[in-house]
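A.B. asks: Generate coordinates for the entire structure from the input sequences, incorporating the hints supplied.
Taken in order, these protein sequences are the chains called V and F. Reminder that position 109 of the first sequence reads as 109 in UniProt numbering, one-by-one numbering, no gaps. Reminder that position 216 of the second sequence reads as 216 in UniProt numbering, one-by-one numbering, no gaps.
Please note that the accuracy of each hint is not assured.
[Stated by the list, open to error] Chain F is faced by these chain V residues, among others (derived, beta-carbon under 8 Å):
| no. | residue |
| --- | --- |
| 1 | Ala48 |
| 2 | Leu51 |
| 3 | Met99 |
| 4 | Tyr102 |
The set of hints was computed from the structure by calculation and includes no laboratory data. Beta carbons are placed, not taken as given, at the ideal position from N, Cα and C, and that holds for glycine.
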Amino acid sequence: MLSVNNIQTYYGNIQALKNVSIEVPQGSIVTILGANGAGKTTTMKSIAGVLKPKQGTITFLDEDITNKNPDELVRKGISLVPEGRAILSGMTVLENLEMGAYQRKGSIKQDLDKVMERFPILKERQSQLGGTLSGGQQQMLAIARALMAKPKLLLLDEPSMGLAPLIVKDIFQIVKEINEEGTTVLLVEQNARQALKIADHAYVLETGRVIKSGSAKELLKDSSIKEAYLGH
Amino acid sequence: MLAEIINPYYLQVLSFILINIILGVSIYITLSTGQLSLGHAGFMSIGAYTSAILTLNYDFPLVVGVILGALLAGIVGILIGIPTLRLQGVYLAIATLGFGEVVRVLFINWESLTQGAIGISSIPHFGRELVTGLRDTGFTADMIGIRNNQLISLLVFIILLVITVLLITFFVRQNHSRVGRAFAAIKMDENAAEAMGINITYYKVLAFAQGAMVAGFAGALYAHVTAYISPSDFAYHRAVEILIFAVFGGSEVIWGPIFGATFLTAMPELLREVSEYRYMIYGIILVAMMAFRPQGLIDHEMIYKIKSRKKKKKKVEDDKKERNRHGVGS
Numbered sequence: 001m002l003s004v005n006n007i008q009t010y011y012g013n014i015q016a017l018k019n020v021s022i023e024v025p026q027g028s029i030v031t032i033l034g035a036n037g038a039g040k041t042t043t044m045k046s047i048a049g050v051l052k053p054k055q056g057t058i059t060f061l062d063e064d065i066t067n068k069n070p071d072e073l074v075r076k077g078i079s080l081v082p083e084g085r086a087i088l089s090g091m092t093v094l095e096n097l098e099m100g101a102y103q104r105k106g107s108i109k110q111d112l113d114k115v116m117e118r119f120p121i122l123k124e125r126q127s128q129l130g131g132t133l134s135g136g137q138q139q140m141l142a143i144a145r146a147l148m149a150k151p152k153l154l155l156l157d158e159p160s161m162g163l164a165p166l167i168v169k170d171i172f173q174i175v176k177e178i179n180e181e182g183t184t185v186l187l188v189e190q191n192a193r194q195a196l197k198i199a200d201h202a203y204v205l206e207t208g209r210v211i212k213s214g215s216a217k218e219l220l221k222d223s224s225i226k227e228a229y230l231g232h
Numbered sequence: 001m002l003a004e005i006i007n008p009y010y011l012q013v014l015s016f017i018l019i020n021i022i023l024g025v026s027i028y029i030t031l032s033t034g035q036l037s038l039g040h041a042g043f044m045s046i047g048a049y050t051s052a053i054l055t056l057n058y059d060f061p062l063v064v065g066v067i068l069g070a071l072l073a074g075i076v077g078i079l080i081g082i083p084t085l086r087l088q089g090v091y092l093a094i095a096t097l098g099f100g101e102v103v104r105v106l107f108i109n110w111e112s113l114t115q116g117a118i119g120i121s122s123i124p125h126f127g128r129e130l131v132t133g134l135r136d137t138g139f140t141a142d143m144i145g146i147r148n149n150q151l152i153s154l155l156v157f158i159i160l161l162v163i164t165v166l167l168i169t170f171f172v173r174q175n176h177s178r179v180g181r182a183f184a185a186i187k188m189d190e191n192a193a194e195a196m197g198i199n200i201t202y203y204k205v206l207a208f209a210q211g212a213m214v215a216g217f218a219g220a221l222y223a224h225v226t227a228y229i230s231p232s233d234f235a236y237h238r239a240v241e242i243l244i245f246a247v248f249g250g251s252e253v254i255w256g257p258i259f260g261a262t263f264l265t266a267m268p269e270l271l272r273e274v275s276e277y278r279y280m281i282y283g284i285i286l287v288a289m290m291a292f293r294p295q296g297l298i299d300h301e302m303i304y305k306i307k308s309r310k311k312k313k314k315k316v317e318d319d320k321k322e323r324n325r326h327g328v329g330s
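C.D. replies: Structure representation (structure tokens):
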């Protein structure tokens with residue numbers, strides 16, 4: 001569905017990605033693991049169109065999307081949940097959700113109901129300002145907002161960041177459910193164990209390069225991965 | 001009777017308040033996407049000079065001059081807005097401040113067109129133009145029992161009032177539309193807005209150009225109300241003055257800069273003694289506001305409270321009515 005071919009992305013003169021290639025098959029959950037500064041977020045931003053790779057191509061549903069802008073990509077069905085949640089703290093929960101459907105035309109009522117059903121807490125708090133929610137609720141709001149765009153591919157950038165372990169579990173469960181209902185997911189995580197549990201495939205990034213890839217099951221057993229990311 | 005009520009001096013003060021309100025609205029629009037501009041005096045001068053020169057030298061009708069002045073300011077706004085897109089906060093302020101100075105120096109030195117530092121005088125005054133027009137249709141001031149200069153001031157005030165109300169209505173409506181939502185999202189969090197598929201470039205340039213156009217519009221009106229403009233009217237002082245409207249009144253809601261412009265324009269007129277210290281007071285206001293109420297006097301919370309109090313009052317009344325009706329019924 002999505003294939004990233006040898007992209008190189010720079011911040012000014014600093015090269016952040018050196019030939020990163022990633023395949024995301026339709027209907028799967030693919031995760032990108034790696035330490036801080038490995039280039040995970042840069043990869044996500046390059047796919048979402050926020051950053052433009054200097055070299056390499058990105059294709060989505062057999063269409064070249066390498067230099068497209070984020071708003072076009074949202075229309076094409078790629079939604080990003082940015083790192084650190086990035087909800088609109090001065091708008092209400094409901095307004096946040098409506099903003100998620102910014103690029104859509106026609107009625108969004110049905111999808112609003114559906115999203116509220118999945119996240120009952122958001123329904124309860126719908127007229128509260130986004131900034132007053134707890135961290136976990138904000139993350140749910142960010143995911144719910146991305147779903148409002150009806151994405152075919154959902155990009156999740158570290159959804160577990162700064163959240164309590166129990167809530168992390170909930171979030172990953174939700175991600176799995178979303179995937180089972182047909183949305184392809186690309187997940188960036190530092191929480192390697194949780195991510196590998198729900199993912200089909202995984203890539204490990206280190207200093208802007210893919211150093212390992214394979215099925216999630218294989219990587220869970222891989223001794224070097226265990227040592228570096230799982231803490232055994 | 002009307003002759004005793006109408007005081008041309010007060011009407012003129014009110015007219016300046018209205019022009020300043022339009023300027024306040026112009027800075028509000030730019031600020032509503034989080035862009036801090038100190039170039040609004042520059043945009044204002046572009047509107048003023050364009051309209052003044054077109055009507056004076058080329059005999060353009062006044063209305064056409066004002067519209068072209070506003071449009072040119074808007075176009076320059078787009079040209080400035082695009083390259084400064086990536087600048088944020090204080091860097092954008094410095095860049096736009098530089099722009100304002102460049103425009104001012106240009107008007108000082110382009111003497112063949114602008115008469116340099118002397119300025120342009122005897123610009124068609126739109127009150128007088130209107131009165132002349134009315135006279136042709138057979139209407140004169142003494143028909144409603146007032147003097148000619150009273151009629152002029154009255155007409156200027158009424159027209160400015162209508163324009164201001166229309167402008168405010170337009171931007172209040174825009175705030176509740178798709179565009180307004182996009183502006184608000186960009187101001188709150190640009191990254192989040194981008195992730196939602198909002199075209200940041202488009203909306204930021206749109207806000208900047210709208211702000212520039214409205215400032216140019218205000219400038220053009222100013223030229224035809226004072227009938228005299230010079231580059232010093234649009235110096236750094238003016239840019240700060242416009243910004244102060246928003247800093248003092250608040251830039252979160254449109255009513256903030258409107259209140260700021262009204263209060264700060266009326267204040268030196270009401271307290272004649274302090275008008276000399278105007279800029280000193282502006283400085284004090286800036287420092288005090290930053291320290292105690294950085295969001296300005298009128299903010300979201302205040303509007304929210306006013307609205308909910310109204311609702312509550314209404315509810316209490318409704319309840320009372322309901323109870324009375326039941327009381328009668330039983």
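A.B. asks: Using Cβ atoms only, decide whether Leu51 of chain V comes closer than 8 Å to chain F, and label the hint accordingly.
C.D. replies: Since chain F brings no Cβ nearer than about 11 Å to Leu51 of chain V, farther than 8 Å, the hint is violated.
A.B. asks: Report holds or violated for the interface hint on Ala48 of chain V, using the least CB-CB distance to chain F and a cut-off of 8 Å.
C.D. replies: The hint holds - Ala48 of chain V has a Cβ within 8 Å of chain F, the shortest such distance being about 7 Å.
A.B. asks: Using 8 Å as the Cβ threshold, decide whether Met99 of chain V counts as touching chain F.
C.D. replies: 5 Å, holds
A.B. asks: Can Tyr102 of chain V be said to touch chain F, with a Cβ gap under 8 Å?
C.D. replies: 5 Å, holds
Violated hint: 2 only; the structure is consistent with all others.
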